[in-house]
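Residue-level listing of the chains:
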Amino acid sequence: MEIKEETLKHVAKIARLSLSEEEVEKFKNQLNQVLEAFKKIDEVDTSNLEPSFHPIEIKNVLREDEEKKWEWDPLANTKLKEEKYFKGPKIV
Amino acid sequence: MEEILEKAKKIQEKFSPFITIAEKVEFGKGKLSGIAISVKDNICTKNMRTTAGSKILENYVPPFDATVVEKCKREGAFIIGKTAMDEFGFGTFSTNCAFSIPKNPYDLKRSCGGSSGGAACLAAVADFPHIAIAESTGGSISCPASFCGVVGLTPTYGRVSRWGLIDYANSLDKIGCIGKTVEDVALLLSVIAGPDDFDSTVLNLPKEDFTRYLIEDVKNVRIGVPKEYFEVDEKIAKIVWDGIKILESNGASYEEISLPSTKYALYSYYIIAMAEASTNLAKFCGMRYGLELELKGNFDEYFSKVRGIGFGEEAKRRIILGTFARMAGFRDAYYLKALKVRTKIIQEFKQAFKKFDVLIAPTMPIVAPKFEEIEKLEPIEQYMMDVLTVAPNLAGIPHISIPCGFLNGLPVGMHIMADHLQEGKVLRVAYTFEKVKK
Numbered sequence: 165m166e167i168k169e170e171t172l173k174h175v176a177k178i179a180r181l182s183l184s185e186e187e188v189e190k191f192k193n194q195l196n197q198v199l200e201a202f203k204k205i206d207e208v209d210t211s212n213l214e215p216s217f218h219p220i221e222i223k224n225v226l227r228e229d230e231e232k233k234w235e236w237d238p239l240a241n242t243k244l245k246e247e248k249y250f251k252g253p254k255i256v
Numbered sequence: 005m006e007e008i009l010e011k012a013k014k015i016q017e018k019f020s021p022f023i024t025i026a027e028k029v030e031f032g033k034g035k036l037s038g039i040a041i042s043v044k045d046n047i048c049t050k051n052m053r054t055t056a057g058s059k060i061l062e063n064y065v066p067p068f069d070a071t072v073v074e075k076c077k078r079e080g081a082f083i084i085g086k087t088a089m090d091e092f093g094f095g096t097f098s099t100n101c102a103f104s105i106p107k108n109p110y111d112l113k114r115s116c117g118g119s120s121g122g123a124a125c126l127a128a129v130a131d132f133p134h135i136a137i138a139e140s141t142g143g144s145i146s147c148p149a150s151f152c153g154v155v156g157l158t159p160t161y162g163r164v165s166r167w168g169l170i171d172y173a174n175s176l177d178k179i180g181c182i183g184k185t186v187e188d189v190a191l192l193l194s195v196i197a198g199p200d201d202f203d204s205t206v207l208n209l210p211k212e213d214f215t216r217y218l219i220e221d222v223k224n225v226r227i228g229v230p231k232e233y234f235e236v237d238e239k240i241a242k243i244v245w246d247g248i249k250i251l252e253s254n255g256a257s258y259e260e261i262s263l264p265s266t267k268y269a270l271y272s273y274y275i276i277a278m279a280e281a282s283t284n285l286a287k288f289c290g291m292r293y294g295l296e297l298e299l300k301g302n303f304d305e306y307f308s309k310v311r312g313i314g315f316g317e318e319a320k321r322r323i324i325l326g327t328f329a330r331m332a333g334f335r336d337a338y339y340l341k342a343l344k345v346r347t348k349i350i351q352e353f354k355q356a357f358k359k360f361d362v363l364i365a366p367t368m369p370i371v372a373p374k375f376e377e378i379e380k381l382e383p384i385e386q387y388m389m390d391v392l393t394v395a396p397n398l399a400g401i402p403h404i405s406i407p408c409g410f411l412n413g414l415p416v417g418m419h420i421m422a423d424h425l426q427e428g429k430v431l432r433v434a435y436t437f438e439k440v441k442k
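For the record, the sequence lines run as chains A and B. Note that the first sequence covers residues 165 to 256 in my numbering. Note that the second sequence covers residues 5 to 442 in my numbering.
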């Protein structure tokens, strides 16, 4: 599999990442080198193996649904706000 | 007490291990009273700027402490500052940094290793009592510990709460410790380990005092020596072999073994890490916190622009590759395949630990390189440098890098790995080595 310029621009678009033309040019070769190397894992026979999403077994943890006091100001780190709300870009 | 800050500033002028230095010294009472604790800059500190080494978080001031920081403060520690790192942990040399690039204590023209480079640098040069809180995803504690000649402990995945950590890859991230001695890291681990209501992936284990494993005795300890890890510079291999022989002469036994899937760990690791990173970085979009621009255009245009400006080059590469590896049509070939290879690597380790208490290998295939050498490396060549550290990180097993000798005046680290939750074995062997080597 090779990433062509078109694929690279498509992936950048769905990742919401604007890239300059220089970055596209530079990344294209670098990413293909990386993907070429990644092919190596095809050599491993994994037919009888389950995927490990975690390195150890993770058990579901439950607790009582109790109210806890929260004393942070969620708006403290933004200038984009109005009254008690975050402000964001236009949706449509 | 204020002299600590003067010392920190002098260190900063010469080695640049900090991104932020505290303004005043505040010690409390407890196990860490009198010890300055530095915190890797991807771990949140209340009212102290936390950037994760990224321009996109340049002005972020968390309104809360990460659990590990809170635990240290409760034991009387003073948080001396935030240490330099590769952006979000994306790097092996602490050179992918939006802010300061730490310099190696043994040669200012060389790297400290990464991504916890500032933490290891400070641990090496601090002329006051200090232990560093660091973090490893694929080797970010061991690598800088090796390059800077200090002790780096990466605990079992889930031993320490990750709440308040700016995630790189959730199934791989582990908060750990870097210090001058094995005792330092055992002490800090005793404080930061343990369950936390805010992180459901922490293992529910009773509180433990890890300093009780500081026993100078390796009699009957069985060491496995995986041959695949010794395909490195033969001078480095010899230094580590000499270390193993020292342990043998103190009563341990060793046997050479093979871990055949080792050579695939690097690719499995990078696919999983990038896939997880690309989802984690989705939250940085110019709203709520972090870099903000004038609200212009629709959400697609605004988010893309903020992210294009705020992320560094390596972060962009990893977002692209990680998104690609998770895309419909490629997910099975890359992401799922990598997770199955991870299963195989875990199985090989588990098999080895039926027979051996610990595995020992070189930490890194090289000593600290010069900055000018790093600049010439392509991304894939940089990733290759993690070849020895990724497998224990993928498997989530505890490991420690401990100074073992010098090559051309630069430190060489020895890696000691053990089965899940066997931090005690790792600490005991490392402690004994530290004592008998002197």
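Hints may be right or wrong, so weigh each one.
Said to hold, decoys possible - Listed next, the in silico EDC-like pairs over lysine to aspartate or glutamate satisfying Cα-Cα at most 16 angstroms (straight line): (1) A:K192 / B:D200; (2) B:K348 / A:E207; (3) A:K223 / B:E296; (4) B:K348 / A:D206; (5) B:K309 / A:E187; (6) A:K245 / B:E438; (7) A:K223 / B:D200; (8) B:K344 / A:D209; (9) B:K439 / B:D221; (10) B:K348 / A:D209; (11) B:K249 / B:E438; (12) B:K309 / A:E185; (13) A:K251 / B:E296; (14) A:K168 / A:E189; (15) B:K267 / A:E186; (16) A:K245 / B:E296; (17) A:K232 / B:E438; (18) B:K344 / A:E185; (19) A:K243 / B:E318; (20) B:K242 / B:E252; (21) A:K248 / A:E235; (22) A:K190 / B:E379; (23) A:K192 / B:E317; (24) A:K190 / B:E318; (25) A:K254 / B:E296; (26) B:K13 / B:D131; (27) A:K173 / B:E305; (28) A:K254 / B:E305.
Source of the hints: derived by calculation from the structure; they are not laboratory data.
### In rising order, the numbers of the hints this structure does not comply with
Hints 1, 3, 6, 15, 17, 18, 19 contradicted; others consistent.
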